[in-house]
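Participant: Just need the whole structure built from these sequences, with the hints factored in.
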Amino acid sequence: MVIVLNKNGFKLPRVDRDKFIALMRIGLDYNRDLNLFSIKSCNNIEKVMEAVSAILGDDVVFMQKCIHCGKDFSCAHCKYNELCVTKDLPFSCVCAECLRDGSILKNIL
Amino acid sequence: MLRNDLLWVEKYRPKKIIDIMGNEDAKASFIEWLQNKRHNKKAVLLYGPPGVGKTALVNAAAKEYNFTIIEMNASDTRSEKAVNAVAKPATSYMALDNFSDTIKTKGNMLFLDEVDGIAGNEDRGGVSAIIKIIEESLVPVIMAANDPDVSKLRPLKKVCLLIRFQQVRIPLIIALLQKISSLEGVNAEFEALERIAQNSRGDVRSAINDLQSLSEHDHALTLQDTLMLSSRNKDIGMDETLREFFSAKSVGEASRLLRYSSIDYDNFLLSVSDNLPRRYTDPVELAQAYDSVSQADMFRGRIGTENWHLLKYFFNELTKAAAVNPESYKPFEFISPPIRIITLFWTKGKRSMLDGICLKIGSRCHVSKQTAKLDFVPFVKEILKRKKSINLIEWFKFTPEEADFLIKMSRF
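Quick mapping for you: the protein sequence lines, in order, are chains A and B. According to the working numbering, the first sequence is numbered sequentially starting from 509. According to the working numbering, the second sequence is numbered sequentially starting from -6.
The set of hints was computed from the structure by calculation and includes no laboratory data. All C-beta atoms in this analysis are idealised placements derived from N, C-alpha and C, irrespective of residue type, glycine included. Incorrect hints may have been included.
[Unchecked claim] Computed footprint of chain B on chain A; a stretch qualifies when at least three of its residues, placed anywhere within it, have a C-beta under 8 Å from a C-beta of chain B:
{"#": "1", "segment": "554 to 562"}
{"#": "2", "segment": "583 to 593"}
[As the list claims (entries may be wrong)] Facing chain B, according to a computed beta carbon distance under 10 Å, are these residues of chain A, among others:
{"#": "3", "residue": "P521"}
{"#": "4", "residue": "F599"}
{"#": "5", "residue": "S600"}
{"#": "6", "residue": "V602"}
{"#": "7", "residue": "A604"}
{"#": "8", "residue": "L607"}
{"#": "9", "residue": "R608"}
Facilitator: Below, the structure written as structure tokens:
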């Protein structure tokens, strides 16, 4: 099974102190009020994915947000999936609809 | 230079931060650092593959936040002396513009591009000088590198905020290519743009260059036109490239060949130079061809590792050498690789033997290897030649092979 996460906020089971510190060091942030983790830095994103997968006991992927329409979508249906070296990572992208109808072009350059 | 003559990568260089495609998190981290100005780290190191917007971000941010960029890149010598000469004044004083009512500037911003290229003797002491400047700097210090894991950069990484850039995703590159095509009036098939974007491997700069080279002439781009792109990834050898280059019927044909070849430009330039006398037998044609090669060499020097926008002029000059007189072409046997490379290969053993000898002389006489080579070797050789002094051989701890080599050595 694959667990889909939102980079701006996701829940993890309680972890011990050392593991929590390790998570903070590799680039996660924690909101105590909402009990949510989020991605603070993407410098070690591969390690973040690995650590979160280990804690959840399943593969994890991040939801993508279209830079034009703001819609959430997954990399699974993207036609460039196999060529993309950052697939499933929480980076900006364009959804298939915005790319096809050309509406994103107004926002570029 | 006419605006129409501009490379599209220059023409469409992002002017605002928002224009830079992809790497939203990296952009946000950089802007946050710049606005809160070095709250915990005094410098920032942007790292990631080429063509993803590191330099573009710094330039766009400087423009938006009114900083004056003082830049040192890989084409500059970055020794301790050079870094101190350029960077120290730029980072130690407030700009006079700060006191002007008419000019709204926040002062200087020091930008050291391609810091992973700091290496060798000419850049000696550069990294430690940069670290010192970071510690004392009153202005933002920004660095960019492709490979941050170079061991020389380890001390630098400790004093910097690291921001990683990723390859730009294919849909984002397609969208950018679509926009440029429409602005340039290029009738481009979506599948062709898709192919260019896929072929670029996340490098926006190379994607825009491909789009320009494929569509500039007839303002149309079909999937068929992009088939040539795949050849860039194939390993076309020097021989094949040279053969096609010299048999080109026009400057355009030779230029297209160079654009799609992945051979090393420096070796190719040397090979062309070595092979010209075989290609042109007429002295006037040969002189013309060498003139073009020398112009190309000049542009190659100016390109360095940074100014790739000049590549077009390098190609232009080099291709002129191939097409001085296309009618006179007759197939000939190529010298490949270049004579210089072959010579270096054949003399490798001799050079390492001489290096070993110089090292021994250096350690005995407390001089550098270079001084040993220039000031000591000629005399030691002469002494040994006249009288094979066992004492001298023992004192320098030369092996019998090294002693023989020195005696027989004709030049060094």
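Participant: Each hint should be assessed against the structure and marked as holding or not.
Facilitator: Tested hints:
no. : hint       : result
1   : 554 to 562 : violated (count 0)
2   : 583 to 593 : holds (count 5)
3   : P521       : 26 Å, violated
4   : F599       : 6 Å, holds
5   : S600       : 4 Å, holds
6   : V602       : 4 Å, holds
7   : A604       : 8 Å, holds
8   : L607       : 5 Å, holds
9   : R608       : 8 Å, holds
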